[in-house]
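Keeping their order, the protein sequence lines are chains L and H. Residue numbering for the first sequence follows our numbering, starting at 1 and increasing by one per position. Residue numbering for the second sequence follows our numbering, starting at 279 and increasing by one per position.
A portion of the hints provided could be inaccurate.
Derived DEER-like restraints, expressed as beta-carbon distance ranges [to be verified]:
1. N166/L - G395/H: 43 to 49 Å
2. D162/L - A323/H: 52 to 58 Å
3. G395/H - D92/L: 29 to 35 Å
4. S396/H - E256/L: 49 to 55 Å
For the record, the hints were derived by calculation from the structure and aren't laboratory data. Predicted model, so just to flag it, every value in this text is computed and none were measured. Built from N, CA and C at the ideal position, the CB exists for glycine as well.
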Amino acid sequence: MTSIPMPASAGSKTARADMPLIVEAAPRSVSVQAKDLALGFGSATILSDLNLDVRKGEITALIGPTGSGKTTFLRSLNRMNDKVAKHWHQGDVLLEGASIYAPGVQLMALRRRVGMVFQRPNPFPMSIAGNILAGVKAHRIASKDHYRDIVEARLREVGLWDAVSNRLNSSPFSLSGGQQQLLCLARALAIGPEVLLLDEPTSSLDPVTTENIEAMVRTLVPALTIVIVTHNLGQARRISDRTVFFYQGKMVESGETSQVFEDPKEPETARYVTGRMG
Amino acid sequence: MSLGGGSAGGTEAALDLYGRPSLSRRVGSLLGWGACLLAVCLIGAPLVWVIYGVVARAAPHWHWSVITETTSSTGGGGLANEIVGTLLLMAGVIVVAGTIGILSGVYLAEYAKGHVGSLLRAGSEVLAGIPSIVLGYVGYIALVIGLRWQFSLAAALIALSLLTVPYIAKSTEAALRQVPTAYREGADALGMSELLTLRRITLKTALPGVTTGLLVAIAISLGETAPLLYTAGFTDNMPSLSLTHSPVGYLTYAVWTFYNQPSTSFQNLSYDAALILVVLVFVLIVASRLIVALTQKHTEKN
Chain L
1 MTSIPMPASA GSKTARADMP LIVEAAPRSV SVQAKDLALG FGSATILSDL
51 NLDVRKGEIT ALIGPTGSGK TTFLRSLNRM NDKVAKHWHQ GDVLLEGASI
101 YAPGVQLMAL RRRVGMVFQR PNPFPMSIAG NILAGVKAHR IASKDHYRDI
151 VEARLREVGL WDAVSNRLNS SPFSLSGGQQ QLLCLARALA IGPEVLLLDE
201 PTSSLDPVTT ENIEAMVRTL VPALTIVIVT HNLGQARRIS DRTVFFYQGK
251 MVESGETSQV FEDPKEPETA RYVTGRMG
Chain H
279 MSLGGGSAGG TEAALDLYGR PSLSRRVGSL LGWGACLLAV CLIGAPLVWV
329 IYGVVARAAP HWHWSVITET TSSTGGGGLA NEIVGTLLLM AGVIVVAGTI
379 GILSGVYLAE YAKGHVGSLL RAGSEVLAGI PSIVLGYVGY IALVIGLRWQ
429 FSLAAALIAL SLLTVPYIAK STEAALRQVP TAYREGADAL GMSELLTLRR
479 ITLKTALPGV TTGLLVAIAI SLGETAPLLY TAGFTDNMPS LSLTHSPVGY
529 LTYAVWTFYN QPSTSFQNLS YDAALILVVL VFVLIVASRL IVALTQKHTE
579 KN
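Given these sequences and hints, build the entire structure.
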């Protein structure tokens with residue numbers, strides 16, 4: 001994979017705007033790396049020969065038809081497949097150069113660094129504030145005195161504060177689907193992950209809410225690295241820096257989003273992004 | 279109308295949104311409602327009858343001394359020792375059987391896979407199927423005689439716990455299995471430990487089911503007589519707090535034995551004991567509903 005000159009100031013939110021102005025030789029570093037990854041369940045192989053670099057501070061979209069393995073791949077990045085019956089894997093996934101499948105890796109620690117938001121909003125059956133604090137308490141990130149501030153900061157970050165500030169102790173199930181999903185996003189952000197995995201986060205939401213969430217997600221880079229699975233090609237185009245096309249358990253193509261959509265190198269990619277294959 | 283004969287007529291009537299349903303439908307509907315009403319009466323009538331029977335017989339001679347005085351062997355007195363004994367047994371069952379039963383349920387739901395799981399489940403069902411008097415007799419042979427505990431609280435508690443653990447385990451397991459996978463995945467993805475997930479999310483969600491199991495267990499511990507005859511013995515005295523070598527009085531014994539005594543005061547006490555048991559069960563049900571309502575404020579159903 002060729003590297004494109006990128007600014008070193010990947011941690012700052014202004015980096016994106018500065019990008020064309022600064023030219024540096026240092027390549028933007030890789031956050032997550034899949035090396036010869038193959039995995040499956042029992043006798044079924046879901047993914048094979050997968051080599052992919054997910055760049056730090058960017059949004060990477062995983063697209064492909066149903067059953068192409070993109071969600072399974074996403075779930076292998078925080079080892080959510082481990083619990084599935086008869087799960088097996090070969091190859092490796094590296095986070096900042098270190099294997100996440102190495103013996104002795106603590107799943108709790110891994111998942112604190114790699115957060116996840118699911119397809120359907122899944123708030124916990126506890127208060128709205130309790131949801132934000134669930135991970136904070138689990139990892140003992142802050143003391144009790146800071147709980148209120150954390151709740152407010154995280155809800156503001158996802159744009160939910162004004163809607164829920166007067167009912168922090170209410171049930172999250174009184175919120176709309178979109179608000180619930182934003183709450184789940186805030187819950188994932190509250191433990192300060194480096195990488196955020198989004199598994200079709202807007203597929204159960206209406207277009208307006210989807211737009212809000214997309215705009216919100218955009219503000220998270222380059223502070224975070226984001227990998228998003230989506231069936232919505234428009235969404236991949238709108239929000240991602242790079243796009244990876246999966247087909248039948250293999251990574252067919254990966255590249256800058258504009259290139260994958262406008263000038264795909266592989267015929268399958270072309271057929272999929274132009275809507276000739278669903 | 280006449281296209282397909284009788285059956286077409288029926289279909290047409292069913293599709294008519296504005297006319298009256300056909301006669302056969304109305305008769306069928308009436309019969310269905312009648313059957314439901316009958317079923318409600320079959321369940322409700324005995325309940326009302328039992329409550330009326332107990333209250334009507336206990337109320338006329340009710341004295342609050344029944345609750346404060348212990349039983350006198352010469353007749354009369356109260357039921358204080360039986361009430362305390364029953365409450366002690368109940369509390370013991372909540373602690374002993376509750377702990378073991380809930381932990382077993384958690385194990386069965388979360389960890390017991392394959393052969394081990396089905397073996398344990400089968401074992402639990404066999405245990406649940408053993409007649410209570412047999413468990414009482416086993417307790418008598420093994421504990422009262424074998425370990426020389428004599429009639430005692432500990433022997434009674436173990437017999438009652440053996441009887442109730444399968445119910446608690448089963449209802450806990452069933453309730454945990456109904457907790458949505460999305461909760462567990464969400465907790466996993468946040469890096470919550472298994473223990474924390476269990477405490478804060480899954481067990482809390484499963485609480486109504488767990489409480490139901492506990493309630494059944496408590497109702498059994500309140501209502502059982504057979505296993506206690508062999509293990510608790512009986513005494514007119516207040517139960518001592520020693521676990522062994524000290525028999526315990528309990529309400530069901532009073533219901534069963536005092537009724538056959540040739541003395542009105544004992545027979546009255548027998549009805550009083552029945553009334554207290556009914557009230558205790560009622561209080562328990564209300565309390566458990568309250569606990570469930572208070573802890574389920576944030577569930578999806580609300």
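Each hint tested on the structure:
no., hint, in the structure
1, N166/L - G395/H: 43 to 49 Å, "holds, 47 Å"
2, D162/L - A323/H: 52 to 58 Å, "holds, 57 Å"
3, G395/H - D92/L: 29 to 35 Å, "holds, 33 Å"
4, S396/H - E256/L: 49 to 55 Å, "holds, 54 Å"
In this structure, every one of the numbered hints holds.
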